[in-house]
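Student: Use the sequences and the hints to build the structure in full.
Heads up: the sequence shown begins at 1 in our numbering, then just goes up one per residue.
Derived from the structure by calculation, the hints contain no laboratory data.
Careful: at least some of the hints might be erroneous.
What the hints assert, rightly or not - Have a look at the derived ranges for each label pair, beta carbon to beta carbon: (1) Thr74 <-> Ser11: 24 to 34 Å; (2) Glu13 <-> Ser77: 38 to 48 Å; (3) Pro3 <-> Thr97: 21 to 31 Å; (4) Asn20 <-> Thr59: 37 to 47 Å; (5) Thr102 <-> Gln157: 20 to 30 Å; (6) Met9 <-> Ser84: 33 to 43 Å; (7) Gly21 <-> Thr72: 16 to 26 Å; (8) Asp10 <-> Arg119: 17 to 27 Å; (9) Asp176 <-> Tyr132: 15 to 25 Å; (10) Ser77 <-> Asp176: 29 to 39 Å; (11) Thr72 <-> Gln123: 13 to 23 Å; (12) Thr1 <-> Ser173: 43 to 53 Å; (13) Ile121 <-> Pro3: 30 to 40 Å.
We put the CB at the ideal spot given by N, CA and C, even for glycine.
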Amino acid sequence: TLPSELGQMDSLEWLFVPRNGINGTIPTELGLLHQNLSVLSLLENNLTGTLPSQLGELTSSTAVSVHNNQLTGTLPSEFGQLTSLTMGLTFHNNQLTGTLPTELSSILSLQNLQFQNNRFIGQIPSEFGLLYSLSWLEMANNSLSGIVPQELSALQQSLHTLTLQDNPLLSGSLPDALCQPMELAPAISCFSVKAAMACPLTVPTFCVVVAAALEPMEQTAQSDLHYYGTIHLPLFQMKLSIQCGTKLKLPMLA
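Tutor: Structure (structure tokens):
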């Protein structure tokens, strides 16, 4: 287990204990390390219990990683106080519940935010569109509902990966601006095959073309998409199969 006495090591700059089979809960006393702690990495252990709100006091930290554990409960809104975070805030592969806190939109320099494979509910906060430095936003395999906020279009310049698959209650359309041809480089994987949308969503044509272009020379690229409109494929040798009830197949191009 993690000893609560760690909170007395007020000169500690890194607490890096991934993949150690650590059991028990996260001590609330870790919040006392707020003056100097730069990196908190507890990933891939056997930690249980809830996320202490006191971790929101780690205002000097640039990265907090607690993914791949067995954590339960909600995500404290106090994590929005972690305004020094740049490298990442990762909670994925736990059993967290509740809604996504809008307060996280205060972490303006954050580059990596991952919630996937939990039990979050409710809508995607439109305030996430304020996270202009974000490269990765991963929210797949939860129970999120409602529409994908148009405010996420503001992330067009920075966003590299957006995953929303396996949220069957999501509906509406994806923001077209996230897949503009002028921003092909960052957009190339924003809706990759692994990031296929659930059936109720409609997808801009260019997103589908980008998904197809990801695997040139492959026989088939498949995505769970609900597609409307005309596809103008680039000259790649491929066949794109879009599955949602009925299947649309495109012939192999020479």
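Student: Please go over all the hints and tell whether each is borne out by the structure.
Tutor: For each hint, the structure was consulted:
no.	hint	result
1	Thr74 <-> Ser11: 24 to 34 Å	32 Å, holds
2	Glu13 <-> Ser77: 38 to 48 Å	26 Å, violated
3	Pro3 <-> Thr97: 21 to 31 Å	28 Å, holds
4	Asn20 <-> Thr59: 37 to 47 Å	26 Å, violated
5	Thr102 <-> Gln157: 20 to 30 Å	22 Å, holds
6	Met9 <-> Ser84: 33 to 43 Å	19 Å, violated
7	Gly21 <-> Thr72: 16 to 26 Å	19 Å, holds
8	Asp10 <-> Arg119: 17 to 27 Å	35 Å, violated
9	Asp176 <-> Tyr132: 15 to 25 Å	19 Å, holds
10	Ser77 <-> Asp176: 29 to 39 Å	31 Å, holds
11	Thr72 <-> Gln123: 13 to 23 Å	22 Å, holds
12	Thr1 <-> Ser173: 43 to 53 Å	47 Å, holds
13	Ile121 <-> Pro3: 30 to 40 Å	34 Å, holds
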